[in-house]
Amino acid sequence: MKSSVITFPGSNCDRDMDVALKKFGFKNKMVWHADAELPKSDLVVLPGGFSYGDYLRCGSMASKSKIMQSVINFANSGGMVMGICNGFQILVETGLVPGVLLRNKYLEFICKNVFVKINDKKNKYFKNVDNEVLEFHIAHNEGNYFCTNDQLKEIEDNNQIAINYCDKNGKIEDQFNPNGSLKNIAGIFNKEKNVLGMMPHPERMIDTSLSGEDGSLFFKNLINNLK
Amino acid sequence: MKISVIITLKKDVLDPQGKVIHQTLDGMGFEDLNEVRQGKYFEIDTKETDNDKAKAKVEEMCEKLLANLVIENYKIIDPK
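The listed protein sequences correspond, in order, to chains R and G. With the first sequence counted from 1, adding 303 to any position gets you our numbering. With the second sequence counted from 1, adding 44 to any position gets you our numbering.
Chain R with its partners taken away, still in its complex shape:
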């Protein structure tokens, strides 16, 4: 399985993602934002970080960079595109997934482990994951998911919510919402479910000596689903 991780000026989780993808069997290539062509890929990842210093709105500049036109075409032809954290912010700015990510409700940068409940398994990202709840890491200042009422209705009608913030038992309540996200939304799909944007970082949970292994479950499963 071939993957590509796009590096933007200010990306800082691109190498972590490279390590994670390779660990679970992807042949990964790093792709520079100013390149026009995407290498042949089964999965494209927009990594976390602070592309373009978060100027104007997080992800807004990166969403207009040269490589993104190829990424958008790839996504629109059914290619798997995953945006993590800043990558999620870039995805919403391209319009590939609906909504926006606002400043966290309490204006704090949040850096901690959270639990997320998988809302939908009829997709290549979460199909066959045994667990209902995964422990991932979040580190962001703008992860407060918001969309219009019309968009929310559409998202819910199409079952586009990927994961919600919850407690370790999978209970989705306000008190387990770290950043004020609408409906505790931590990740969302496009309508076709080949594009996934999520704030949590699975690539930070691939080694017990770091902070956990639920990311390993995610990546192992992902590569199997793509085969």
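No lab work stands behind these hints, which were simulated from the structure alone. Fair warning: this is a prediction, and the values are worked out from it, not measured in the lab. A couple of the hints might just be wrong.
[Claimed, not checked] The calculated lysine-lysine pairs, modelled on PhoX-like cross-linking and capped at a C-alpha distance of 25 Å, are: (1) R/K456 to G/K91; (2) R/K367 to G/K91; (3) R/K408 to G/K54; (4) R/K523 to R/K430; (5) R/K408 to G/K63; (6) G/K63 to R/K486; (7) R/K369 to G/K101; (8) G/K97 to G/K55.
[As the list claims (entries may be wrong)] Going by beta-carbon spacing under 7 Å, a handful of chain G positions derived as facing chain R: (9) P60; (10) N112; (11) V114; (12) I115.
[To be verified] Here chain G is said to cover these stretches of chain R; the calculated rule only asks that three of the stretch's residues, wherever they fall, bring their Cβ under 8 Å from a Cβ of chain G: (13) 359-365; (14) 444-454; (15) 471-478.
In this text, a Cβ means the ideal position worked out from N, Cα and C, and glycines have one as well.
Starting from the structure of chain R, add chain G where the hints point.
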């Protein structure tokens, strides 16, 4: 020609920064405020000399980059 653009958050979008500014102003003694909303201001200096054309270009910039229309409104201030 210089054109200015003001970008504001839509009415229903939470503005935590505006809220904190409101609270701080309140603490400083400006107690009769109903609400504070924070926005963005751009000054765009363009080579275009035709008012209407320049305005149309800036409108396109707003739609494509400067504003995110899910949460923001923009207002173009007439060029001088």
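Find the hints from earlier in the document that the structure breaks and name them by number, from lowest to highest.
1, 8 and 15
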